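Chemist: What follows is the residue order along each chain.
Number of protein chains: 2
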Amino acid sequence: MINKKNTGGEWYNEIIEAASLVDKRYPVKGMNVLPPYGFKLVSLVDGIIRSEVNSYGFQESMFPLLISRDQLSVEFEHVKGFEGQVFWVTKGGIEPLEVDLALRPTSEAAMYPMFSLWIRAHTDLPLKLYQIVTTYRYETKHTRAFIRDREIHFFEAHTAHVDLEDSEKQMAEYRQIMKSVAQKLCLPYVINRRPEWDKFPGSQYSLAFDLILPSGRSLQIGTIHQYGENFARNYEIQYSDADGERKFVNQTTYGMSGRLVAAIVFMHGDDKGLILPPAVAPIQFVIVPIPGEKKDLGSFSAKVKNQIESFGYRVHLDDREAYTPGFKYNDWEMRGVPFRVEIGAREADGNFITLVPRNTGKRKKIEVRDLQEALAKAISVLQSDLMSAAMKMMSDLTINVNDIKNAKTSTGMIRLMWCGRKECADKIEEETELSCLGYPQDDHGEGSCVVCSLPAKPAYFSRTY
Amino acid sequence: MINKKNTGGEWYNEIIEAASLVDKRYPVKGMNVLPPYGFKLVSLVDGIIRSEVNSYGFQESMFPLLISRDQLSVEFEHVKGFEGQVFWVTKGGIEPLEVDLALRPTSEAAMYPMFSLWIRAHTDLPLKLYQIVTTYRYETKHTRAFIRDREIHFFEAHTAHVDLEDSEKQMAEYRQIMKSVAQKLCLPYVINRRPEWDKFPGSQYSLAFDLILPSGRSLQIGTIHQYGENFARNYEIQYSDADGERKFVNQTTYGMSGRLVAAIVFMHGDDKGLILPPAVAPIQFVIVPIPGEKKDLGSFSAKVKNQIESFGYRVHLDDREAYTPGFKYNDWEMRGVPFRVEIGAREADGNFITLVPRNTGKRKKIEVRDLQEALAKAISVLQSDLMSAAMKMMSDLTINVNDIKNAKTSTGMIRLMWCGRKECADKIEEETELSCLGYPQDDHGEGSCVVCSLPAKPAYFSRTY
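First to last, the sequence lines map onto chains A and B. The numbering of the first sequence is this note's numbering, which starts it at 1 and goes up by one. The numbering of the second sequence is this note's numbering, which starts it at 1001 and goes up by one.
Think of the hints as simulated: they come from the structure by calculation, not from any bench. Hints may contain errors.
[Unchecked claim] Only pairs whose alpha carbons sit at most 16 Å apart, straight line, appear in this in silico EDC-like list of lysine to aspartate or glutamate:
{"id": "1", "chain 1": "B", "residue 1": "Lys1029", "chain 2": "A", "residue 2": "Asp100"}
{"id": "2", "chain 1": "B", "residue 1": "Lys1029", "chain 2": "A", "residue 2": "Asp70"}
{"id": "3", "chain 1": "A", "residue 1": "Lys91", "chain 2": "B", "residue 2": "Asp1100"}
Everything numeric in this text was worked out from a predicted model, so none of it was measured.
If we strip away everything but chain A, and leave its shape as in the complex, we get (with noise of 0.2 Å):
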């Protein structure tokens, strides 16, 4: 395995391969296999997004792939954001079709007609859908899995309310819901509202979830988007109030990627591969036996899966015969399996285990009796672990500078100065090939622009992925 810290972007790209998250040569740019070890990470993660949305009312529903070449032809600026990044479908059997269609690259144009027809007074509000569902970007930079993909998982809030007021506390909410998913998942990060010139095509404002990963970069794992009545004017969704007056709908999305899936990577991976959280790690916990002369493990190693089994957890007893001991440790821990259990004669005859987390490879006895309650603690302490060493690792890479010229020599996520003003973030992107992340949420400092020195609040720019 090559090193991490060195070559952050290498190493990521072979990691994903070797644990089989992923299988990158499908013969089509841009677009991965999922094989059965990915696919589950990535269900689990959906998982942990599914039922925390459904505890705030959201509805899972499920929307059309394709989107017709008039539905999107609205004369709005939302379109032209994604003109030249859809594939079209052109041709159906060997006839050209009568419209083209587009593949979804996000489904505004597909779900907001259907709005239009379902939203018809203020007591069908607030309408808060979600789907899980693949999206579509003709990508024309270089495509790297699961942060540049050309096919996408996504998952995307879409809600209506009768005023902005409560379109205000759904953003609030979809705070609540990021802290969670990102808790679980072990990910701190910074939320920037994001410049004018880089928000969602058609929304009044974004907001980025934005972390910084250990190569110094900063990742976007989700966007919030504020769009007033903006699109309810272009889809004519309205309803009656109370008093029988048509209004316009106020609506926000919540989009998430499999770029949670990169952040879990990079964060959390050290050089000998992957560390999952138990969350969403396919296997919690995998069982190694030791085989020694005399002793036969089986039923003691059995007894012990079936115990971890029934405190509802994901166990895999790995009795491969063609592999020692110590291949299985280095391929599991590749893989990222928070715990292993090792058992081997002394542990079947003293009716205990040995229990060894990823993250600190540090032994542990635990006698059989006690599983329940030393295993629940050994997750609450490895995901803590995980979270602590991740903020740290944020922390770190958060730069104070007070010039350009000491940003530009600075790695990380660049906090500095700025009045606000286009021209001055162009100014700074250029000297220090940075970009723009805009004004973080919870910061509320002031100064003067490092360009300008015009009155500022504290910006934050980095470079991206």
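Put chain B on the given structure of chain A with help from the hints.
Modeler: Only chain B this time, still in chain A's reference frame:
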């Protein structure tokens, strides 16, 4: 609600939309929206399939939607079978693509190039994968939601084996899986071996799971295919056996689609609307309080709801104030909720509920202390009622005939003696306007062909969807 018996097709089209299983107003032909209620039903059916195939060691994975023309242009009858029915992506942004990309009509051409990379030795076999995705067919026939869509909700399992014997065992396992799945959906079926000219393109033979709907037409709810080495030879999927000899794998597939939903709707529904099998009903119990003059039913209703939920059931309390209990009864009956729980003052005072199964409408008093046992029993009775009724209908609609004349005037699945030659099937099809479903696998009668009088076996013919 229009009458079911007299207007099968119209009743179907109306009820699936009235019950919110689907919204057909989406602007692209043959592609429908699944609103939350319909999506949930589809997900629950998927869940049953998943849990069943997982228990047989299948692993879920995900292959890309897009298949390049090169991948499809293998010299092989399989490809020809789909030539006229594929949607083609020909543009990325405003530029033509270098190679046209097909939306998957089925995934052999997406998966098997990867299988040929993944499979090296006999220890890699059997390989048992599946995915649940949407597939696309440019249908030129009349479309009908869940039955003939251009966007199809699709389960596809693909396996690879060391030899034909092992892949024949897989075919038998598929039959077990279909049996368990159909049991939960209360769907009887017969297994027909499709005639040569109607087998899956590229397969050695195809078995179809066919049921007869009340309208007398048959509906294919699943198919399994024996590929033998046909695909392996075209996609070069080889392995080394224990002696190091290179051999082609043998393959099978199993497909099921949204047609399972269509079958549930058609088979169990009545003039009032849907009747959903408890295993897949999005709401299994709906509680309808019947407000009286003096009694507040809120706390008792909530208590009953929590109890039913604690047993692991999906329950909904309909406490909308704007609607009468009678309106709610009709509404939930139309949507097919298998059980209504009525709660009035008498119930609250007496600490009991009144349970009303959707199929019989017969009220039954159940003490709260007996709830768990009584509900479990009620579910099992309803489940078995639905299955019995469906089996009776299948049996009533299976018609034995001795000559073509009788076949012409009968409605249902027509059982007649056929010699197996295409010319005789053609003649039967032409004169009766029925389609040949093939030989039922569990029917071992003998006789002479209704056309040519040569030795024959019983075959099924019917109108199809």
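Chemist: Regarding the pair B:Lys1029 and A:Asp70, is the alpha-carbon distance no greater than 16 Å?
Modeler: Answer holds: B:Lys1029 to A:Asp70 is near 13 Å, not above 16 Å.
Chemist: Between the alpha carbons of B:Lys1029 and A:Asp100, is the straight-line distance 16 Å or under?
Modeler: Holds: B:Lys1029 and A:Asp100 sit about 12 Å apart, inside 16 Å.
Chemist: Hey, A:Lys91 versus B:Asp1100, does the alpha-carbon distance stay inside 16 Å?
Modeler: 10 Å, holds
Going through the hint list in order, the structure satisfies each hint without exception.
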